[in-house]
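A.B. asks: Chains as they are written, first to last, in our numbering: chain S, 1 to 363; chain W, 1 to 487.
Please note: incorrect hints may appear among the correct ones.
Think about it this way: if two alpha-carbon atoms lie no more than 30 Å apart in a straight line, the pair counts; the simulated DSS-like pairs of lysine-lysine are [claimed, not checked]:
1) W:Lys18 x S:Lys143
2) W:Lys329 x S:Lys255
3) W:Lys306 x W:Lys222
4) W:Lys389 x W:Lys67
5) W:Lys389 x W:Lys105
6) W:Lys449 x S:Lys97
7) W:Lys329 x S:Lys137
8) W:Lys326 x W:Lys184
9) S:Lys137 x W:Lys482
10) W:Lys482 x S:Lys143
11) W:Lys217 x W:Lys274
No lab work stands behind these hints: they were computed from the structure. Please read all numbers here as calculations on a predicted model, not as lab measurements.
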Amino acid sequence: MATFSTTINTGLPSVTRLGKERSVRLRNLRERLILAALIFCGFFTVATTVTIIGILGLHAWEFFTHEMVDAQGNITRVSFLEFITGLEWNPLLGAEKHFGIWPLIAGTGMVATIAMIFALPLGLITAIWLSEYANPKVRAVIKPVLEIIAGIPTVVFGFFALTIITPTLRFAFWQVPLTNPDGSPMLDSNGNVLTEPLNPLNFGTYNALAAGLAVGIMCIPIVTSLSEDALRAVPRALREGAYGLGSSKFETSVKVVVPAALSGIIAAFLLAIARAVGETMIVALAAGATPVRLFEDPAAILDPRTQVQPMTGFMVQIFLGDVAHGGVEYLSCYTVAATLFIITFLLTLIGGVIRRRFRQAYD
Amino acid sequence: MAISGAYNTRPTGPRMAKNRLFLLLCIFAAVMSILILLWLLISIIGQGAGMLSWSFLTSLGSKDVDKAGFLPPLIGSVCLLGICALTAIPLGIGTAILLEEFKPKNPALVRIHGFVQLNITNLAGVPSIVYGILGLTAFANVFGVLGTPMDPSFAIGQKWYQEYADASGRLYYVPVNSREVPLKPAEAGMTFLTAPRSGAEVAQVTIEPEAKLAPLKLRIEKDLESIEETIVTQLDATRETRRGPVHVDQATAQRIADEAFAGTALKADTQELKALTVTALAAMNGKTGRELRQDRRDLFQTLSDKELGAVDLTGFMIAGTIPNRKDVKSWYFLQLPFGRGVLAGGLTLMLVILPIIIVASQESIRAVPMSQRHGSLALGSTKWQSVSKVVLPAAVPGIMTGTILAMSRAIGEAAPILMLGGVFITFLPSNVMDGFTAMPLQIFNWAGKPQQEFRSVAAAGIIVLLVVLLSFNALAVFIRQKAQKSY
Chain S
1 MATFSTTINT GLPSVTRLGK ERSVRLRNLR ERLILAALIF CGFFTVATTV
51 TIIGILGLHA WEFFTHEMVD AQGNITRVSF LEFITGLEWN PLLGAEKHFG
101 IWPLIAGTGM VATIAMIFAL PLGLITAIWL SEYANPKVRA VIKPVLEIIA
151 GIPTVVFGFF ALTIITPTLR FAFWQVPLTN PDGSPMLDSN GNVLTEPLNP
201 LNFGTYNALA AGLAVGIMCI PIVTSLSEDA LRAVPRALRE GAYGLGSSKF
251 ETSVKVVVPA ALSGIIAAFL LAIARAVGET MIVALAAGAT PVRLFEDPAA
301 ILDPRTQVQP MTGFMVQIFL GDVAHGGVEY LSCYTVAATL FIITFLLTLI
351 GGVIRRRFRQ AYD
Chain W
1 MAISGAYNTR PTGPRMAKNR LFLLLCIFAA VMSILILLWL LISIIGQGAG
51 MLSWSFLTSL GSKDVDKAGF LPPLIGSVCL LGICALTAIP LGIGTAILLE
101 EFKPKNPALV RIHGFVQLNI TNLAGVPSIV YGILGLTAFA NVFGVLGTPM
151 DPSFAIGQKW YQEYADASGR LYYVPVNSRE VPLKPAEAGM TFLTAPRSGA
201 EVAQVTIEPE AKLAPLKLRI EKDLESIEET IVTQLDATRE TRRGPVHVDQ
251 ATAQRIADEA FAGTALKADT QELKALTVTA LAAMNGKTGR ELRQDRRDLF
301 QTLSDKELGA VDLTGFMIAG TIPNRKDVKS WYFLQLPFGR GVLAGGLTLM
351 LVILPIIIVA SQESIRAVPM SQRHGSLALG STKWQSVSKV VLPAAVPGIM
401 TGTILAMSRA IGEAAPILML GGVFITFLPS NVMDGFTAMP LQIFNWAGKP
451 QQEFRSVAAA GIIVLLVVLL SFNALAVFIR QKAQKSY
């Protein structure tokens, strides 16, 4: 094509005629090649999904159908039924190993629930405020703040949960001296008095609440920005109608605008839940490494003070350790990943469907 | 009050109170997010600012907290980002162009188009650790079909040597063709190189039978060991408590040194060694813990260096010494499977940010008005000419903004590269297969350590990471404002 346009510009008709036929063929060839390259790019994204599903599926299949060797050299076999119904997850240590997924799902559920109890109301109220109340000056402060929070890496939130939120929950600012059994103060090698946090509520060094709060902070910007988009899409006429009927600003926002934007808001909630469920670094740092002991104490899932191990936390633990390739611990990781993938995939899918299906068209 | 807008109805009574209350709640929620951000930033700066220094940014790091360095993670992140950008940007923009500019009309193709679009939305929701598992399986191990990373089926840019140690511990090298060449015990008549590279000098090595060298070596080792043991026990005897400080005055130091050197037959000047020992011991007075251990290690190292220097076994190798395999990789070293290295990490991050780049590019391509395309097509340009010469230039600022934001996401991601990076890396990657660490990964490692001291180092790392991210975001905002065009 370069030849073609140049010849026209230089005004040499003879060359134009000579070059024209070839350049058209070349041009068409180039168009096709480029389209092929673009199709390859599009194909790549589909291939990614197929590969993820293939890898997780094949390894999970192997996990359920093959006999595997564990770290202690024992041969283990895990049934699918045990995996989806078992209440004990104990794949690493101990004479008898158990592969019931529910403790890990409970851990994920606890952290995600705490996060959502914190993030959903806060995010939604902020969104309502931004869309219905706030003037441009205030928006100019809040929006960048939310953008900065959204841009903070999750490992930073994890660090924050571990070193700030947990010590605060344990009342680290209120130190009490440790005492020996005889009542005298306990001293370290330099003769200083050893202290510990007061910890009136008995929070562990790793606990579900700190991790959940950090995940919640991380989710606020997602909830806010997506809900705000949905609220802003509600046409002015609806608000004007409400005001015309004598509603207050609060009544207009909560009884008219929010219901009208409900599909978008629910989609935002589902996306936030998916993010919380898949969150890794925060729970790896702050939530702990012991799965909930559902088989002994089912009520433990209501106790946010104890440590929990979510699905992602388990994967981090396995991949940071030295685990034999193809061993039972290694394969269990793929199976947990498959479970996680299915959960988040469903959440994203349902979110998308709700947004499309139940969107009110106001045109 | 912050109530503003066109409507200012004034309901009365309890309804008004509800209205007021809700406004307060709104302000509380909004202020809460500001406070949380401030709390987070202040607490992290408070913990980490003390550790920030030029040497923190430029040193390679060590197991010691005081010598912790952030250079390997910084360089690691840069390398990852380079690979990630080189692959994700063309793939992402290509997909966006395909989806926006080449929309099909054929019903079957329309379905495929919708499916690809849906698939991208779903990919954006996949937890990043799942991408890590994908990267580990597909990039680092290539599904296990091309051998293992330790025994790759394909490798270029790698030279193999067999590494021999002489009696003094010095290393010599013999080049071989591959990893498979059997290890050859040292024997007379072999030529050794002083360094593992072609063109290195040929070393002067005398191969001696074991009977001649071994007893000498053994005797030196035994003497040094007995000196060490005496010094350690005698030092411990001067402590009041098990972990308390040692008390060594000049006389005690002299006594310990006399006792330690009694009955040894060192080749080096014993008087000189003794004097050295006495000075070193006296300097340990009042020390405890790590400081003491370090001093002790230094003393033993000096003694052993002096003695080995006096005897000088350099250049004498015991016949039959079994070599180790040693490989030297050039900067263009490539292998399949990739193994846990920079390339696998960068490609994995590419997968994570690809959906973000695609969606951002799609949006900015969509924002280019139809009339521009029509104009260009009407002038006789082909589809691709109109895309590349008209649509893309108009969409570039938006694409760049989205790409930069995606890159800043990639810098902060730790979960997908967790299983691909190294845990303790104190070197810079020398080729794309080399092990790496990245800023968030290093922060995670430090934050997870049980020792409290590492937390301030982690906080310092977080400050560096946040500064990098904020400058990326500022750049994105700058481009967005500079290039804002309205049609």
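A.B. asks: Against this structure, judge whether each hint is valid.
C.D. replies: Status of the hints after comparison with the structure:
A threshold of 30 Å between alpha carbons decides the hint, and for W:Lys18 with S:Lys143 the separation of about 26 Å falls inside it, so the pair holds. Proposed proximity of W:Lys329 and S:Lys255 is contradicted: the alpha carbons are some 68 Å apart, above 30 Å. A distance of roughly 15 Å separates the Cα atoms of W:Lys306 and W:Lys222; the hinted pair therefore holds under the 30 Å criterion. Annotation: proposed proximity of W:Lys389 to W:Lys67 is violated, straight-line Cα distance about 53 Å (limit 30 Å).
Simply put, W:Lys389 and W:Lys105 have alpha-carbon atoms about 24 Å apart, close enough for the 30 Å limit, and the pair holds. Straight-line distance between C-alpha atoms of W:Lys449 and S:Lys97 comes to about 28 Å, which keeps the hinted pair within the 30 Å bound. Restraint check for W:Lys329 and S:Lys137: the C-alpha separation of about 58 Å exceeds 30 Å, so the hint is violated. Annotation: proposed proximity of W:Lys326 to W:Lys184 holds, straight-line Cα distance about 13 Å (limit 30 Å).
For the proposed pair S:Lys137 and W:Lys482, the alpha carbon gap of about 21 Å is at most 30 Å, so the pair holds. Straight-line distance between C-alpha atoms of W:Lys482 and S:Lys143 comes to about 20 Å, which keeps the hinted pair within the 30 Å bound. For the suggested pair W:Lys217 and W:Lys274, the alpha carbons sit about 21 Å apart, so the restraint of at most 30 Å is met.
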